[in-house]
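Chemist: Positions 0 to 353 (numbering that gives the first Met the number 0) are the ones given, in order, by the sequence shown.
What the hints contain is simulated information worked out from the structure, not anything from laboratory work.
Quick reminder that beta carbons are idealized off the backbone N, C-alpha and C, glycines included.
Be aware that a few hints might be false.
With beta-carbon atoms standing in for the labels, derived distance ranges [what the hints assert, rightly or not]: (1) Leu248 / Arg77: 46 to 54 angstroms; (2) Glu344 / Arg294: 22 to 30 angstroms; (3) Lys329 / Gly121: 29 to 37 angstroms; (4) Ala232 / Arg294: 25 to 33 angstroms; (5) Arg239 / Asp167: 14 to 22 angstroms.
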Amino acid sequence: MDFTPEKILLIQFRQIGDVLLSAPAAEVLKANFPGAKIDFLTQAPSNQALERNPAIDEVLIYENGKPLKWLFEIRRRRYDLVIDLMSNPRSAFVTAISGARIKAGPAYTYSAWAYNLKLKLGSGQREYNPFFKIDLLSQLGLTRVFYPYPKCYPADEDLAWAQAAARDLRKADDHRPSGGGTKDEDRKLIAFSPASRRITRQWPAEHYARLAALVVQKTKAAVLVLWGPGEKALAESIVRMAAEPGVMLSPETATLSKLSALLKQTELLVANCNGAKHIAQASGIPTLGVYGSSRPESWTPPDDPQHQVVRNYGLACIACQKSDCAQALKCLKELAPETVFAKLEHMLGRAALK
């Protein structure tokens, strides 16, 4: 690229985890073009993943059903460089009509028509999603290429709310008899995020319940079952099936900022391949990912002992990346809670939990 852009637009419409994992691209671009205005086009509620990010000047929230509005709005802003990180038909179309001098995106066959700078896909690129995107951006001729992890920036009021909520939860956790050696305020909280948009990524609720019971029966930790909009019934069922006082329902985390803030009060998150796992990683919290159809290499920071994976390695169809299953979800249903607990126990350190 033979010029220095003054206005840059990144495009990733959804999902909230994917948008969060795209944010490091803005950090790299800001380091290379410190004088440029860097905007990000996304949709609600995924815009929450970009709030208070110092590398992004403005977050634009795309509205469905108003394509002409956005056609004129993007062209009016006169971007020099538009980078399509999503590369689906809609994001490719917005890139194509942007009027930008450079329209860049991955050279997939179905979207390459939209770009005058086709970013080549090759075997040398890193698989972890944020790093893969940065490898694509390196083809812009960047002088500084580095690989930052995603970061969350919860609001101060949410950090204060989470501290108070965690304090109250620890006081409510009376599952150990008095004299058990751990004060309420020192009780470790292990968070669970059991929801997923895809059945091929959702470990069964009864398995989460059994794992929660194992945690409170065999360690000094308590379990906090997280839930957001539309997820309360699932979380409540896990608390009910666990039938242990130390397995508690979290307060609702209706925003990414609240979820990030509450996660910062916990020791570790056990989760499916979902947005909460990415938010925990971006909040500096260790994660244990329970994987079925998805590839952990794409969604887990590489070579980082704080972020571990457990899955049913014995199945030939593991990591099929499908949204439905002809094998009765064996990869998830046959992954025993005891197997996951062994991994969790190793991560936390047995001596600290006895």
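Chemist: Each hint: holds or not?
Modeler: Tested hints:
1. In this structure, Leu248 and Arg77 meet the distance hint of 46 to 54 angstroms, their C-beta atoms being roughly 50 angstroms apart.
2. Restraint check, Glu344 to Arg294: a C-beta distance of roughly 25 angstroms satisfies the suggested window 22 to 30 angstroms.
3. The beta-carbon spacing between Lys329 and Gly121, approximately 34 angstroms, falls within the hinted interval of 29 to 37 angstroms.
4. Checked against the hint of 25 to 33 angstroms, the C-beta distance between Ala232 and Arg294 comes to roughly 29 angstroms, which is consistent with it.
5. Taking 14 to 22 angstroms as the suggested C-beta distance range, the pair Arg239 and Asp167 conforms, at roughly 21 angstroms.
Figure legend: structure checked against the earlier numbered hints; every hint is met.
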